[in-house]
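J.: These are the residues of each chain, in order.
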Amino acid sequence: MAEAEEPGLSDQYPTASPWPLFVALGLTLSEIGVFIGLFPVAVFGLILFGGSVAGILTESGYAERPWPTLLGVGAVLTVLAAALALWQIPLADIALSNVGEGPLLTRLVAVAVAGLVMAAMGSVASLLEQTAA
Amino acid sequence: MVAGDIVLTGLMAVLLVGIAALLTRIENWRSYTPLAGGGTATGETVVHREKPAGIIRWLTTVDHKDIGLLYGLYAIIAFAVGGIMAFLIRVQLVTPAGAILSNNAYNSILTSHGITMLFLFGTPIIAAFANYFIPLLIGADDMAFPRINAIAFWVLPPAALLIWAGFFLAPVTDNMIEPARTAWTMYTPLSVEQTNPGVDLMLLGLHLSGVGATMGAINFIATIFTERDGDVDWANLDIFSWTMLTQSALILFAFPLLGSALVMLLMDRNLQTTFFAVEGGGPLLWQHLFWFFGHPEVYILVLPPMGLVSLILPKFSGRKLFGFKFVVYSTLAIGVLSFGVWAHHMFSTGMDPRLRASFMAVSLAIAIPSAVKTFNWITTMWNGRLRLTTPMLFCIGFVSNFIIGGVTGVFLAAVPVDLILHDTYYVVGHFHYIVMGAIGFAAFAGIYYWFPVFTGRMYQRTLGKAHFWLSMVGTNLTFFAMLALGYLGMPRRYATYQFDGAIAPLVQVTTFHQLATVGAVILLVGQLIFVWNIVQSWLEGPKVEDGDPWNLERDGMLDREFEWFDEQLEADEHERDPSLLADGGQDEQTDS
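In order, the protein sequences belong to chains V and H.
The first sequence: position 106 = 106 (the UniProt record's numbering), numbered continuously.
The second sequence: position 7 = 7 (the UniProt record's numbering), numbered continuously.
Rather than coming from a laboratory, the hints here were simulated on the basis of the structure.
Keep in mind that the hints are not guaranteed to be accurate.
[Said to hold, decoys possible] Sample of chain V residues at the chain H side, in silico, Cβ under 10 Å:
| id | residue |
| --- | --- |
| 1 | 10 |
| 2 | 11 |
| 3 | 13 |
| 4 | 19 |
| 5 | 20 |
| 6 | 21 |
| 7 | 22 |
| 8 | 35 |
| 9 | 38 |
| 10 | 40 |
| 11 | 44 |
| 12 | 45 |
| 13 | 51 |
[Unchecked claim] If we take Cβ atoms under 8 Å as the criterion, some of the chain H residues that face chain V in the derived model are:
| id | residue |
| --- | --- |
| 14 | 9 |
| 15 | 19 |
| 16 | 270 |
Built from N, CA and C at the ideal position, the CB exists for glycine as well.
Produce the complete structure using the sequences and hints provided.
T.: In structure tokens, the structure reads:
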């Protein structure tokens, strides 16, 4: 963590923000990962995307803290992946042992994993911050 | 496979941790906590300059002018890549058997040339002008959403890398991933059946560029509606902003549709859906969806250049734009009509003749607002005091080329003519008159006209004029030869053309192909001069001292962007001469 007294880039310069580049990179990696079916790229891309969205919303003052956004993005992705899986894949085939088998299941698991990680990060950080305060 | 996944996971983890570490280094997350009374947490921050130094400035900027320059640089690089591809195509076709490329390489380059020029040069060069100049023209401090503006730009470099990915990956993956060979229209079933993963990468790149264009469009609409200065109302809004507003509305309706169609195609390719399969929606569904985007895309690309010409041409004619109101109305009319003509790309698909007739009628109707504009440009110049500066020459070249490109388009809009000329070089000649002869020329006009504003220097006038004449001659030679090739029945997209002389007049076809290639060489020389002129003048050109380098005040036509430029020049002068600080000049120790 940076020293609290040290001003960050966006505090110092009114026309600079570190976030847009990473929002774009996160979106790119997510798309490649999910559509081409590269599990690790999908998971890390989505986490980078969700994290940067949380960061940029907080920096620009639309959100007070980044953690609820992270939790929200994570929850939405998890629910979406679960809903799509239940809708499109026979219930019997939805099993962790089948990951890597069907093209759809593997991708949805990647989305769900990214969602769960973000949700977990968001809630843990939120809790830590509240108990620290 | 498992080992590959582990390596990839490690790589991604390192990347993510690296980004997090970088962010904590340069950014103070704790300072985001809003304080009572607003402001930043570190209220006593001392700002020495507006922007950070070096590469960090360009990677983190949310300033509309910087983003405009980034868009410009990006578009020029894409123009060079697309241009070299075009040149290779022309060299290949010097002889009927093909001179330098294999058929596969030719098809890859042909596909990539189209997509590069339309999506990576055309749309971004317009965004470059709009980002830099719309806020200045309407008196706004910045775009409505500066951060979204930056995101919209930063999705473009990865989009370009994805679109070109096959070219980089083919040598290292032993041709497992090759460049796409679908042509820029990506017609099904061809595009579904090519199993090459390079096609998926290209589709993703296109999708990303569409996401960027849509974000940009939302931003322009919001900016023009809400960020105008108090004394800029709808009646005196400049013509470039009007065309950008219309274009952004078109993007808003067209690009999300392209995005959806691309996702459907990706799913057909990877997830066994049947959107475009015979047993599903059918291959023709792709053509309908693609052209419902694709035809408005033509106007997305041409309306802002028309706006540039409408803005610049009067400045060197010494007269206000003739029939300003009607130029605006015709812009809006083209915007609306552009969504009702898409099936004229599909006349020969065997669609219902009654539908065909209605699409023909609307396509012909677009000629009316287009002609309104053309006559208004000509009338603006009529009896004017013409000054043939480089930007003006490019504007006149635009009008001239637009007339040829437009009239050939009217012919193609007629069903019986189209059935003869469809899929021939006539079509290629027609749309290149518009995309190179008109859109490209307007972009050059804009670059030269505003060169003093965004560089503070003047370009070399003789080189500028050489660039114009070489471009004008090259364009007309290359693309007029293509119109003739079309009449001779030469089909488009062919890598070779060893016809039986009894079917087609091979000697004449070869001659016109060679003429087109000579034109391409002239164009190439012209563009090399352009790049040299821009780079050298930017670095070493004479500094502009006067806020009115084009002497526009004399005719009462000095727009806001040059007034802003004048203020910048004065501010710079104060900065250079500290003694001027005494009368309340620039104080470096101001807060943000």
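J.: All the hints need checking, so say for each whether the structure fits it.
T.: Hint by hint, here is what the structure shows:
no. : hint : result
1   : 10   : holds (6 Å)
2   : 11   : holds (5 Å)
3   : 13   : holds (6 Å)
4   : 19   : holds (7 Å)
5   : 20   : holds (3 Å)
6   : 21   : holds (5 Å)
7   : 22   : holds (6 Å)
8   : 35   : holds (5 Å)
9   : 38   : holds (6 Å)
10  : 40   : holds (4 Å)
11  : 44   : holds (4 Å)
12  : 45   : holds (8 Å)
13  : 51   : holds (8 Å)
14  : 9    : holds (4 Å)
15  : 19   : holds (6 Å)
16  : 270  : holds (6 Å)
Against the hints set out earlier in the document, no violation occurs for any number.
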